[in-house]
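J.: Sequence:
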Amino acid sequence: MRHVSSDVGFRAGAAKVDITPPVGCWLEGIPRDQPSNAIHDPLYARALVIEQGRERICLVTCDLIGMTNEYARDVRTRIAEAIDSRFDSVVVACSHTHSGPMMLALFDPVERIDQQYLRDLSERLVHVSRQAAEQLQPAQLGVGRGEETTISQYRRLWTRDGRIVMNWEEFPADQIVGPAEEGDPELGVVRINTLSGDTIAVIFNYACHPNSLPGDNFTITADFPGYAADMIERTLGGIALFTNGAQGSVDIEGFVDRDFVGVERRGRALGNAVLQVCAGIQEMERQPIIRSARHTFLMPYRKVAPELIAWAEEVVARGPRETVTLRDGISDEIKAEFILKHANRREPGAEFELVGLRMGKAVFVTIPGEPFTEIGRRMKALAPDLQLHVIALANGYLGYIATAKASAEGGYATDVASGSPFVENAEDLICENTIMLLTRLR
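Take any residue in the sequence shown, count from 1 to its spot, add 617: that is its number in the numbering used here.
None of these hints come from the bench; they were simulated from the model. All C-beta atoms, glycine included, are put in the ideal place defined by N, C-alpha and C. Worth double-checking, as some hints may not be accurate.
As the list claims (entries may be wrong) - Label-pair ranges, simulated between beta-carbon atoms:
hint: 1; residue 1: Asp635; residue 2: Val941; range: 24 to 34 Å
hint: 2; residue 1: Glu1049; residue 2: Glu740; range: 56 to 66 Å
hint: 3; residue 1: Val794; residue 2: Val727; range: 39 to 49 Å
hint: 4; residue 1: Val727; residue 2: Pro965; range: 35 to 45 Å
hint: 5; residue 1: Pro726; residue 2: Gly897; range: 41 to 51 Å
hint: 6; residue 1: Pro1001; residue 2: Pro726; range: 29 to 39 Å
hint: 7; residue 1: Asn1042; residue 2: Arg903; range: 51 to 61 Å
hint: 8; residue 1: Glu764; residue 2: Val794; range: 18 to 28 Å
The whole structure should be built from the sequences, with the hints applied where relevant.
T.: Given below as structure tokens:
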């Protein structure tokens, strides 16, 4: 039976738990030829539970690359049971650190996933959610927004000869015309305090790629979002939950400072921006609107051109792929495997889940993958009267979601060879279904 609070007032509770994997686990985000060899900083899962009347919502954020739809579904089901909530009201989101444990086996044999770690992780996510629910107390909520312009940049660049290259690729700077689109520097913040003004939690949403460290890093780290969260917690108290925005077409600026100096610099910049927004939040609601809704639809897969399949078969026929560490990007062998895997799909598409969380004047809409930043900007425009933010990499992982324009232009993450499995009009389908979702959150 779903929880019904006897206190119709707004209440909130938050907690966090260490989810650092053991040294020796394989890392994920960039192809690597050896496992991790050290821990630089701990990875955490942070949970926030809020309730108002009959609605009880749980948001869990994890310092992880992502998680499969099946794993996320199981964890959410267990969390809902543990805190007496609804499955539709539970969101589990990942930061997308490229220096955390293997969760998806995107480029690697599935055997490299530590199954014992997955079992332990599931227990910890349920535990931290239960802890947050046990700490529910009367609260007040405020929302704000700002910008951070120094960390992320649009990573798809036009060249003078009319090609798209990525900002990590070696290419003469004088041959770059500029980015193909604009990024999204917006920073969204929800601050939740006790009635006396102490911080319970801060949710901060920002579109970025936490890949400060290249593929030849074998040290476990939460990267700069983790640094920012720690900085916010040390300054304000409470729990700071990072949610990644529509980050599929942005990357770290200039690909400089690919070390822990860069991690700290970016983390400090993001943390300071969040603190500045928090300081500017004046209106705190004691009876904010709290709602959640879930909506699913079929997202069709792209068709694969016969010549692409022929190329992939030729590459695979050369022999088994060797595992090679890359600083960034993926190899032709990996692209060929992606193509053939996609070509062999029997299903016409995938179930695509959107979950909406209404918190006062803020609305979060989840996407189970990496939507291009342009999609996020378009989704925000669907609710001009509210502060809408996309939570990417939430409740599962289905790959990149590119726009039709980017697919026509080409480049990384715009076709099945680089992890973008859905039809070119996926953006339209997401926005059409988001509109339906929003009607249930008003």
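J.: Within 35 to 45 Å or not, the Cβ separation of Val727 and Pro965?
T.: Roughly 25 Å apart at Cβ, these two residues miss the hinted range, so it is violated.
J.: Given a hinted range of 56 to 66 Å, is it respected by the beta-carbon distance of Glu1049 and Glu740?
T.: Violated, since Glu1049 and Glu740 (Cβ atoms, about 38 Å apart) do not stay within the stated range.
J.: Using the Cβ atoms, figure out if Glu764 sits within 18 to 28 Å of Val794.
T.: holds (25 Å)
J.: Are Val794 and Val727 spaced within 39 to 49 Å by their CB atoms?
T.: holds (41 Å)
J.: When you take the CB atoms of Pro1001 and Pro726, is the distance between them in 29 to 39 Å?
T.: violated (47 Å)
J.: Taking the Cβ atom of Pro726 and the Cβ atom of Gly897, is their distance within the range 41 to 51 Å?
T.: Given about 49 Å between the Cβ atoms, the range holds.
J.: Given a hinted range of 51 to 61 Å, is it respected by the beta-carbon distance of Asn1042 and Arg903?
T.: Because 43 Å falls outside the window, the suggested range is violated.
J.: The hint says 24 to 34 Å between Asp635 and Val941; measuring C-beta to C-beta, is that right?
T.: holds (32 Å)
When each numbered hint is compared with the structure, violations occur for hints 2, 4, 6, 7.
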